[in-house]
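Colleague: Letter by letter, the chains look like this.
Number of protein chains: 2
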Amino acid sequence: MSENIIVIGAVAVGPKAACRFKRLRQDANVTLIDQDELISYGGCGIPYFISGDVSDEKELRSTSFHMVRDDIFFQDDKGVAALPGTKAIKIDRKNKTVLVRKRDGSEKNLSYDKLVIGVGTRPKALNIPGASLGNIYSVGNLNDAIKIKQMITTGKVEKAVVIGAGFIGLEMAEALADMWQIETSVVEYCDQIMPGFVSRNLSRMAQHRMEEGGISFYLDESVEAIEGTDLVESVKTNKRTLPADLVIMAVGIGPNTDLAKDAGLDIAPGGFLMVNERMQTSDPDIYAGGDCIQIKNLITDKPGYFPLGSMANRQGRVIGTNLAGGDARFKGAVGSFVIKTFDMALAGAGLSVETAKKEGFDAVGIQVAQFDRAHFYPEKEIIYLELVVDRKNRRVLGIQGFGGECSGMFARVNAVASILQYHPGVEAISNLELAYSPPFASAMDIINALGNAAENFLDGRYTPISFDGFEECWQNRQDDDCVYIDCRAYADARVFEEKYPDIWKSIPHNELLQRMDEVPKNKKLILVCNTGIRSYEAQINLADKGFENTVSVEAGVAALKQAGIDFDTKS
Amino acid sequence: MSENIIVIGAVAVGPKAACRFKRLRQDANVTLIDQDELISYGGCGIPYFISGDVSDEKELRSTSFHMVRDDIFFQDDKGVAALPGTKAIKIDRKNKTVLVRKRDGSEKNLSYDKLVIGVGTRPKALNIPGASLGNIYSVGNLNDAIKIKQMITTGKVEKAVVIGAGFIGLEMAEALADMWQIETSVVEYCDQIMPGFVSRNLSRMAQHRMEEGGISFYLDESVEAIEGTDLVESVKTNKRTLPADLVIMAVGIGPNTDLAKDAGLDIAPGGFLMVNERMQTSDPDIYAGGDCIQIKNLITDKPGYFPLGSMANRQGRVIGTNLAGGDARFKGAVGSFVIKTFDMALAGAGLSVETAKKEGFDAVGIQVAQFDRAHFYPEKEIIYLELVVDRKNRRVLGIQGFGGECSGMFARVNAVASILQYHPGVEAISNLELAYSPPFASAMDIINALGNAAENFLDGRYTPISFDGFEECWQNRQDDDCVYIDCRAYADARVFEEKYPDIWKSIPHNELLQRMDEVPKNKKLILVCNTGIRSYEAQINLADKGFENTVSVEAGVAALKQAGIDFDTKS
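Going down the list, the protein sequences come from chains D and E. Mapping of the first sequence onto my numbering: position 97 corresponds to residue 119, and the numbering continues sequentially without gaps. Mapping of the second sequence onto my numbering: position 388 corresponds to residue 410, and the numbering continues sequentially without gaps.
Just to be clear, a hint being listed does not mean it is correct.
A pair holds if it fits inside one copy or across any two, identical chains being indistinguishable in the list.
[What the hints assert, rightly or not] Derived pair list, reagent style BS3-like, types lysine-lysine, alpha-carbon separation capped at 30 Å: (1) K181 / K545; (2) K324 / K261; (3) K527 / K118; (4) K527 / K414; (5) K80 / K324; (6) K181 / K546; (7) K130 / K527; (8) K379 / K80; (9) K414 / K353; (10) K414 / K402; (11) K261 / K402; (12) K402 / K80; (13) K130 / K112; (14) K181 / K146; (15) K402 / K169; (16) K353 / K583; (17) K353 / K543; (18) K353 / K567.
Since the hints were made in silico from the structure, they are not lab data.
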């Protein structure tokens, strides 16, 4: 008799597991059930459907060759029986059945030999007054997205408030503000956007770009209530009231694992399903994958959580292979990510410096700025990378970057993302071999420059100052004992020197060795250049002459400007 | 007494070693000598100077902050004494001196405590009649480049012949043909462009793009003589005579190691200097780097040769660190590369399938085509990747790719380039974790699809046919016992089916399971779709029904078109 496989959940991991298995075992019966009518869609594409980049939700449910992935497609093209509108009610592990409720309300037991659970998550909601008013959405599924887009396209949204400045919050904010020109505010409880994922420095760059795009940010601020009669009218934080026709609640996601829990499968403390490397739950005949499971963080070797469509797809294939008797493994994740912020991108892998510290590493983040291609090549742009390293053993814990959407930043982050699982030391980054020719990279590529800067820091030759540090010094410039040494060409430094003659001094780096006697003694020296190269060299030259109290502005004036830090001569 | 370091050669590795060392040891004396007057330039940028992308040769000799790197710059900015126009004649290792000849012809002995050799290569020349005629250049240095550009800008070049279709040959061909619209021919001894670096499939795509850009290729053809009176007038091959005002000789490079050889340093069989991981020659006080040395190929673990500015720069830093008493290592290279071919790029790392076979691996190359970003995202393009794997142990030996200059191809190649040193298996590619969101990648990214395809091949589920194989079948379609099953939608297949009713049959993949009885028996089935996904699935469905004699056109019609393979209904 043919084997029966039932797959619960038909968004990402489920369809992948079903189709892979069916390709390997065409004699078997595979049934794919989902409580929703819309199945097998690219959930990560929802913000781009709302933004208008993707005009029709059907595109999110279609193959690359434009076939809509509905039950007919699964039957004809894949030989998989798909049952949309079918909710799994109960798993009976002893009798190996799943009780399902169909569209018409009727219930039925389906027998399985092996079962796959890929039921995803449910969005968290804030437990605050007004949370159940109309026009508050969490973008948890495609149905929500369709409703939001309908509101927008019928002109019902003038002001929107997004709660949460993580991935979904930022993607949704851009979707609303960019093409639709909706007045959009983002409220975030933490003091930066993308908390946990990038450093303050990088977060400030991305935030500044989004502010230029018309989005307002209220950080370090908590939402206390949502106000309105039937529909939302405003969002009340601990500091202000923001009018809103639409609220996007993007405050995180929680596990959707009641079904699994009721069946007695092992559940991790956070509520997510536990699986082994073969993607088996505590019942070897039941597999699970996607956003409802916990997987290993390959940096910390602790349990981790990485809810991404890319994880789900790869896990689905592993499950499909193993269902067919194979031995595929999913070892965990390093946590790679990328998010578009208008024409720029913020990406990373591994741990951010703050997260690494929380995990107990003696972590430091070193940032560099450099052109993504040869500096003499006409098409190029400055990109920003940050390497997170452990001071104790020089191990690389993470990389994050900010740069143009089509810049070389993404390639650099991916290159390091790929090797993080091998626990490289910082020297592996200094010597990382990327493909080189001038239209694509620099001879000393930014990725190597990043490793070099981290080495120089660890070896005590390089002492940077962060944006926050620079800003604090600059705001206190009247009282402070700081002098700014501008290592750029005089033409770049002049306006500053003229406006701030007491504290801003132009000494181009190529004149520094000759003009050492002009360097103020007994002051803290803040060394500045455009990207941080000349200020680093100046720091070394100065240290050699006994000036130990120096800092080099990391990634230089280019980065300060990118972060919107106001210190120019107009201020 | 301060230490004396002499660095012979001031293009790439030399200046880097000198400056890094000087930063670490500011008390030491560093002297950088070069026989040329032009020093510290981006030699890899020469084609872009000639093309006009870089307007002034000074840009190739400038820092990113626009300072020309001449002797004054090295003195003021770096504290390094640079002596252009100073030729090293002889190294006396016993007395630790270098005899140099200065601009004025006078000779002098310079003492060293440690010495660095970074003298690069000299271009090979064909030993054929006419090789010493005027207007034959090898683009070996910036002086040649300046002369070529002068010829072009003064309108002296209407027809050019490039001998050799490797990196320099192709870059130069594009430089001449693109902006200057010079009638450019490339003659290559091998039967493909970029021999040794990419498969025939990928080479045909890049060649086709360059042909569209106006360049003519004469492959599998050898140059027998260069004809002319004083200046070159034509190039005679074994098959034709090509008129030419300018000939670019790009037939490889040879070691420039006479000086080192005379000094008794260990030289490898190919003529290149041998160094250890610390970049020391057989004399521990003499370091060497850049194009004149041999380094380990990290794929084969045999001696390798990787003449690239990026290698030289990283080696220079290693040398600088070690000169200062550090212990930096340069372990070898996997051979990453990228070359721009008009608006497209060809890139790779590790071994090509042919090279791998020559090295004794049981190698196979598996190719896939897929969008670089989510297929529903509006901005995306199909890119092509090939994975080279060892059938015996499933080890990944190399990756190569072709795609748009700004596409995601480059990021994918770099990601695999980065891990090749760790000797990954094919499963590491199926599960490689790149940063994902729809504007940057697919949920099942092309890199994972590539690993999956290779796995499916190795597991006997996928039997592809190459472009050459397809073309041969197609050309013999009258006599052949092949039937083409078109797995695309009927709308795409119709014109072919109507024109070739006997051999071309439309069975869209989603109808295949129902229409199995229409599949011709006892024929070789050539399965076609747009990118190879549906034809792969069809192959599996057919195998299940007993059709074993099938091949799937790798990377599909999209790839055939990209390679300019003429099989459309107009033919």
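Colleague: Treating 30 Å as the Cα threshold, decide for K130 and K527: within, between, both or neither.
Modeller: Result: close neither inside a copy nor across copies, 81 Å intra and 43 Å inter.
Colleague: Please work out whether the CA atoms of K527 and K118 approach to 30 Å or closer within one copy, between two copies, in both situations, or in neither?
Modeller: Intra 78 Å, inter 44 Å, cutoff 30 Å: neither.
Colleague: At most 30 Å between CA atoms: does that hold for K379 and K80 within a copy, between copies, both, or neither?
Modeller: neither (44 Å within a copy, 46 Å between copies)
Colleague: If the cutoff is 30 Å on CA atoms, where do K353 and K567 land: within, between, both or neither? Let me know, please.
Modeller: Close neither inside one copy (51 Å) nor across copies (35 Å); limit 30 Å.
Colleague: At most 30 Å between C-alpha atoms: does K527 with K414 qualify within a copy, between copies, both, or neither?
Modeller: Neither: 37 Å inside a chain and 65 Å across chains, both beyond 30 Å.
Colleague: How do K181 and K546 come out at 30 Å by Cα distance, when the copy is not named: within, between, both, or neither?
Modeller: Neither. Shortest intra-copy (47 Å) and inter-copy (63 Å) distances fail the 30 Å Cα cut-off.
Colleague: If the cutoff is 30 Å on CA atoms, where do K80 and K324 land: within, between, both or neither? Let me know, please.
Modeller: neither (39 Å within a copy, 53 Å between copies)
Colleague: Reference check for the pair K181 and K146, CA-CA at most 30 Å: within, between, both, or neither?
Modeller: This pair counts as within: shortest intra-copy Cα distance 23 Å, inter-copy 69 Å.
Colleague: Reference check for the pair K324 and K261, CA-CA at most 30 Å: within, between, both, or neither?
Modeller: Neither, since 38 Å and 66 Å both go past 30 Å.
Colleague: Treating 30 Å as the Cα threshold, decide for K402 and K80: within, between, both or neither.
Modeller: between (37 Å within a copy, 18 Å between copies)
Colleague: Under a CA distance limit of 30 Å, which applies to K353 and K583: within one copy, between copies, both, or neither?
Modeller: Answer is neither; intra-copy 41 Å and inter-copy 39 Å both fail.
Colleague: Checking K414 and K353: alpha-carbon separation at most 30 Å within a copy, between copies, both or neither?
Modeller: Result: close both inside a copy and across copies, 26 Å intra and 23 Å inter.
Going through the hint list in order, the structure does not satisfy hints 1, 2, 3, 4, 5, 6, 7, 8, 10, 11, 16, 17 and 18.
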